[in-house]
Amino acid sequence: MVGWERTDELGNETLDRAEETLARSVGGDHSAFAEIVGTHQAMVFGLAYHFLRDRSLAEELAQEVFLHLHQNLSAIKSPAHLTFWLRKVTSHRCIDQTRRRKVRPQVSLEDVPEPIAAERSADPLLSEMLRRVVNTLPEKPRMVVILRYQEDLEPAEIAEMLDMPVNTVKSHLRRSLAILREKLTRCLGEVKI
Amino acid sequence: MSRLDDELKLALGRMEPSPDFTDRVLKAINPSPAPEKSWWQSLTGAFQLPRVRWVAAAAAASLLIVILAFQYWQPRPIEQVKEIANAGTQPPAESVDNGVAKNPTQPPLSNITANNTGGSKVEDTPRNIRNNNGPKRRPVKRARSAKEIAAEAEGQAAKEQLLLALRIASTTLSEAQRVIRGDDEQPRPEPATRR
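The listed protein sequences correspond, in order, to chains S and B.
Numbering of the first sequence is given in numbering that gives the first Met the number 0, commencing with residue 0 and proceeding in unit increments.
Numbering of the second sequence is given in numbering that gives the first Met the number 0, commencing with residue 0 and proceeding in unit increments.
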């Protein structure tokens, strides 16, 4: 069984509705397709934004992904397959775009501003710093981390999505977390993460 | 799960794009259709292509030639045909007696065969005419034959004229096609070199 065939995450009613929407969309119903876009835009845009760190680029890429989806709707077999397809296409497009445009990490660790306070109330700053640090990772480990923490995917699912061995995914995750912990500890000093 | 995991989940949560994102996607899927051209614009647009323009000009010229040819070689009016027919019905006496028409354009009456006796053909040779008296000369029959001759001659002439006109049109079209092909195949003249 491949990853997208698992449908136990969705309730029966939700699944039926998603299937109906997908069927209507395949049949050429634009309102149904708009519903699909509305349902999945946060996922697609989020993946693109966390990877590219550029809002307009991320929106452009997300739009391209949905246009590509519209052209390939007939190939989508189920709502679970739709989610898998969107994640996969978005991930690959993000990596391709970064390679094509030579978008390197825009912020080095030294440029990351010092947090004003290292308390729980300063989480937005910590989150922003984490995003910036994640952005310093190489392309594939970066996407592995984003898929792992944004979409809450297991290493096996990420491996299937990015066409790489599971052990490579686990290795990327382990090393990325070690790098992130080290960089954050250097930045935040005494605060233990 | 460590605190770093929690923080990463919080930091890398899903994000909403601009509020008009869905509309933009739908607009990109359904771009507004180009304004439809009227039939006249489509027609004139077709003639913008150089090849089509040449072919259209050649076709128009051929059509014009055919129409002019028809006008020039139009079949004679019925009055003229009647005159010719009447001329055929009132031949001079000696010509009837001899069975030979004076008019050189008309074939001799002696060659006309009548088929009014149940399939047997009676040839109006001078001897037959001489031997037959009164009603056996059949003047009505001869007048009809002359009409037929005149009509047949007219028909032949019209047919020849039509064929000639079609031949002219065909030649013109071929010439136009040759010019079109020749334009593409002819090598460009090399610029004259100055010595």
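Do not take every clue at face value.
[Said to hold, decoys possible] Below, simulated DSS-like cross-link-like pairs (lysine-lysine); rule was C-alpha separation at most 30 Å, straight line:
(1) S/K87 - B/K26
(2) B/K8 - S/K139
(3) S/K169 - S/K182
(4) S/K139 - S/K87
(5) S/K139 - S/K76
(6) S/K87 - S/K76
(7) S/K76 - B/K26
(8) B/K8 - S/K169
(9) B/K26 - B/K8
(10) S/K76 - S/K182
(11) S/K182 - S/K139
(12) B/K8 - S/K182
(13) B/K158 - S/K87
(14) S/K169 - S/K139
No lab work stands behind these hints, which were simulated from the structure alone.
Just so it is clear, the structure is predicted and the values come from calculations on it, not from any experiment.
Can you give the numbers of the hints that this structure goes against, from lowest to highest? 9, 10 and 13
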